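First to last, the protein sequences are chains Y and G. So for the first sequence, our numbering puts the first residue at 1; every next one is plus one. So for the second sequence, our numbering puts the first residue at 314; every next one is plus one.
Honestly, the hints are just simulated from the structure, not real lab data. This one's a predicted model, so the numbers in the text were calculated from it and none came from an experiment. For glycine and all other residues, C-beta sits at the position ideal for the given N, C-alpha and C. Just so you know, not all the hints are guaranteed correct.
Unchecked claim - Result set (DSBU-like, lysine-lysine): computed pairs, CA atoms no more than 30 Å apart in a straight line:
| hint | chain 1 | residue 1 | chain 2 | residue 2 |
| --- | --- | --- | --- | --- |
| 1 | G | LYS374 | G | LYS399 |
| 2 | G | LYS405 | G | LYS374 |
| 3 | Y | LYS191 | G | LYS374 |
| 4 | Y | LYS123 | Y | LYS290 |
| 5 | G | LYS436 | G | LYS374 |
| 6 | G | LYS399 | Y | LYS267 |
| 7 | Y | LYS98 | G | LYS374 |
| 8 | Y | LYS226 | Y | LYS98 |
| 9 | Y | LYS191 | Y | LYS123 |
To be verified - Using C-beta positions, here's what the derived DEER-type ranges look like:
| hint | chain 1 | residue 1 | chain 2 | residue 2 | range |
| --- | --- | --- | --- | --- | --- |
| 10 | G | THR336 | Y | GLN143 | 28 to 34 Å |
| 11 | G | PRO459 | Y | GLN143 | 27 to 33 Å |
| 12 | Y | GLN143 | G | TYR450 | 49 to 55 Å |
| 13 | Y | ASP35 | G | PRO459 | 34 to 40 Å |
| 14 | Y | SER217 | G | LEU430 | 45 to 51 Å |
| 15 | Y | TYR105 | G | GLN507 | 29 to 35 Å |
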Amino acid sequence: MSELTGSPGAAASDDAIPAPSGFSFENVHRNAMIDQMNNSSAGGVGVGASAAAAAGSSPGYLPMATKTGTTIVGLVYKDGVVLGADTRATGGSEVADKNCEKIHYLAPNIYCCGAGTAADTEKTTEIISSQLELLRMNMGGVQSRVVTACTMLKRMLFRYQGHISAALVLGGVDATGPHVFQIYPHGSTGKLPYTTMGSGSLAAMSVFETGWTEGMSEAEGVELVKRAILAGVFNDLGSGSNVDTCVIRTDGTTTLNRGAVTPNDVKPLRDSIRRSDMLNMRPGTTAVLKSEFSAAKRGGVTLADVTVTEMET
Amino acid sequence: GTTILAIPFPGGVVMGADSRVSTGTYVANRTSDKIAQLHDTIWCCRSGSASDTQALTDYVKHYLGQLAVETGRSPTVKVAAHLMRKLCYENKDNLLAGVIVGGWDAVDGGSVYNIPLGGSCIKMPFAVGGSGSTFIYGLLDSEFRPGMSREEAHDLVKLAISHAMARDGSSGGIIRTVVVTEEGNAREYVPGDQLPFGP
Chain Y
1 MSELTGSPGA
11 AASDDAIPAP
21 SGFSFENVHR
31 NAMIDQMNNS
41 SAGGVGVGAS
51 AAAAAGSSPG
61 YLPMATKTGT
71 TIVGLVYKDG
81 VVLGADTRAT
91 GGSEVADKNC
101 EKIHYLAPNI
111 YCCGAGTAAD
121 TEKTTEIISS
131 QLELLRMNMG
141 GVQSRVVTAC
151 TMLKRMLFRY
161 QGHISAALVL
171 GGVDATGPHV
181 FQIYPHGSTG
191 KLPYTTMGSG
201 SLAAMSVFET
211 GWTEGMSEAE
221 GVELVKRAIL
231 AGVFNDLGSG
241 SNVDTCVIRT
251 DGTTTLNRGA
261 VTPNDVKPLR
271 DSIRRSDMLN
281 MRPGTTAVLK
291 SEFSAAKRGG
301 VTLADVTVTE
311 MET
Chain G
314 GTTILAIPFP
324 GGVVMGADSR
334 VSTGTYVANR
344 TSDKIAQLHD
354 TIWCCRSGSA
364 SDTQALTDYV
374 KHYLGQLAVE
384 TGRSPTVKVA
394 AHLMRKLCYE
404 NKDNLLAGVI
414 VGGWDAVDGG
424 SVYNIPLGGS
434 CIKMPFAVGG
444 SGSTFIYGLL
454 DSEFRPGMSR
464 EEAHDLVKLA
474 ISHAMARDGS
484 SGGIIRTVVV
494 TEEGNAREYV
504 PGDQLPFGP
C-alpha cells in the first residue's frame with residue numbers, strides 16, 4: 001500500500017554530500033527555479049486546456065518539449081496485427097523532424113507506436129524493451145507476451161501519475177494469438193480489435209469504423225491502416241509527412257516498412273529551385289598562375305618522443 | 314463517466330455496467346469492460362478514473378490471491394470490500410475511484426458493498442454508481458424489491474442501465490453483466506441496438 005502513497009522523486013536535500021553517490025537531484029532544483037521565474041513573471045501563467053502541453057505559454061522560459069502530434073493506429077487481422085504511424089514530430093507549431101520513427105521495437109514479436117512527448121515515448125519503450133529481454137533471458141528464452149509488455153508499461157506510467165506523456169498503441173503476436181492494446185499516459189489500458197491514438201486519432205478512427213471487419217487479409221489490413229494514417233496526415237495539423245507500417249504475423253515474421261507511403265516527398269520541390277551558378281563553379285574557373293609544393297612540417301608527438309619508464313610493482 | 318450497478322439475489326449477485334470510456338467529448342473505448350474479477354466469485358464494478366481503478370483492481374486481486382493461499386480458503390466479499398476501501402481511503406487525495414464490490418461467498422451468500430469517492434464502505438441491498446446513477450435512483454427505488462429472483466434482478470439491471478445510458482452522455486455502448494453464484498460466473502452483454510429501453 002505504500003506504493004500508492006509514495007510519489008516519485010523525493011525533494012532535494014540542500015545538505016552538501018561529499019561523495020556523489022546515489023541519485024542526482026540537480027534537476028529538481030532547476031525545475032523549482034524555473035517555476036519561480038514563471039510564477040513571478042506576469043503574475044502566473046495561464047496554461048492552455050491541453051494537459052499534454054508544457055507550460056510554454058510564458059515567453060521562452062521553458063523549452064517546448066518535442067511532441068509527436070501524431071496519428072498512430074493498430075488493428076488485428078486474420079493472421080496477426082498491423083501497426084501504422086505518421087512521421088511528423090513538432091515542437092510547438094514548428095515541424096522539428098519531418099521523418100521521425102514512431103513505431104518502436106519492444107521484442108521480436110511486439111512493436112509499439114508512441115504519441116505524446118517524443119522523448120517520453122522513446123525512452124519508455126526502450127526501458128520496457130530492455131526489461132522484456134532480461135525477462136526472456138531469465139525465463140529460458142520463452143517468447144515475450146503482449147500482455148506482459150502492456151502490464152509493464154501501465155505499471156510504470158501509473159507510477160508517474162501521467163507526468164510521462166506517452167500514449168501508446170501496443171501490438172504483437174504471441175502464443176495466445178495477435179493482440180492490440182491502447183495505453184494512456186495515466187496508466188489505463190484497453191484491449192481492442194482496432195484502435196487509434198494521437199491528435200489525428202479521430203480522423204483515423206473514422207476510417208477504421210467504416211472499413212474494419214473481422215478476419216481481414218494482410219493486404220486489406222495494411223491498406224486500411226495506410227488510409228487511416230493518411231486521413232490523419234492530411235486532416236490533422238499535428239500529423240504529416242510519411243506513413244510507416246509494421247506487420248507482425250502469427251507465423252513469426254515481421255515486416256517494418258519505413259516510408260510505406262510518401263505523399264509529401266519534398267525532393268521534386270527542392271530540385272526545381274534554381275540556384276545561382278556561383279554555387280556550382282567548375283574547377284578551373286579561376287586561372288592558376290603558379291604552383292609551389294613543400295613537404296608539410298610534421299609537428300606533434302611521435303614515437304620517438306616517448307620515454308619509457310619501468311613500472312614499479 | 315459511467316453507470317455501474319449491482320443487485321444481489323438469493324444465491325448470488327448480478328453485476329452490471331455500461332461500456333463507454335470518454336476523454337473529454339471523444340469516446341476512447343466504446344466496448345470497454347468495467348466489471349473486473351477480483352477472485353473466483355468476487356467481482357467489482359469500476360467508475361471514475363480508468364487508470365486509478367485499474368491499478369486498484371490489480372492490487373486487490375493480488376492481495377486476495379495471496380490471502381487465499383495463506384488461509385487456504387476463498388476470501389469473503391466483505392474482506393475484498395474492506396481491502397478495496399482501505400486503499401481508497403488511505404490514498405483518497407490521489408485517487409478518483411468509485412467502486413462497487415459484489416460477489417458470492419459461503420458466509421453471507423450474495424452481497425454488495427458500495428465504495429464511493431471518499432473511501433467509505435457500506436453494505437447495501439443494491440448499489441449503483443457512476444455519473445449515470447443519478448438518473449436511475451428513482452427507477453430503482455420503485456422497481457427494486459428485496460428477495461428478487463435471479464431473472465428479475467438480471468432484467469432490472471439491464472433495464473436500469475439502459476435508462477441511464479439514454480439520459481447520461483457519459484454512459485453508453487453496450488451493457489455488460491456478470492451473474493455470480495456459488496457455481497460460477499456467467500458473463501453476458503446486450504448490444505447497443507438491442508437495449509430494453511432507448512431512443
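Quick rundown of the hints versus the structure:
no.: 1; hint: G:LYS374 / G:LYS399; in the structure: holds, 14 Å
no.: 2; hint: G:LYS405 / G:LYS374; in the structure: holds, 19 Å
no.: 3; hint: Y:LYS191 / G:LYS374; in the structure: holds, 19 Å
no.: 4; hint: Y:LYS123 / Y:LYS290; in the structure: violated, 59 Å
no.: 5; hint: G:LYS436 / G:LYS374; in the structure: holds, 20 Å
no.: 6; hint: G:LYS399 / Y:LYS267; in the structure: violated, 62 Å
no.: 7; hint: Y:LYS98 / G:LYS374; in the structure: violated, 45 Å
no.: 8; hint: Y:LYS226 / Y:LYS98; in the structure: holds, 18 Å
no.: 9; hint: Y:LYS191 / Y:LYS123; in the structure: holds, 23 Å
no.: 10; hint: G:THR336 / Y:GLN143: 28 to 34 Å; in the structure: holds, 33 Å
no.: 11; hint: G:PRO459 / Y:GLN143: 27 to 33 Å; in the structure: violated, 52 Å
no.: 12; hint: Y:GLN143 / G:TYR450: 49 to 55 Å; in the structure: holds, 50 Å
no.: 13; hint: Y:ASP35 / G:PRO459: 34 to 40 Å; in the structure: violated, 56 Å
no.: 14; hint: Y:SER217 / G:LEU430: 45 to 51 Å; in the structure: holds, 48 Å
no.: 15; hint: Y:TYR105 / G:GLN507: 29 to 35 Å; in the structure: violated, 43 Å
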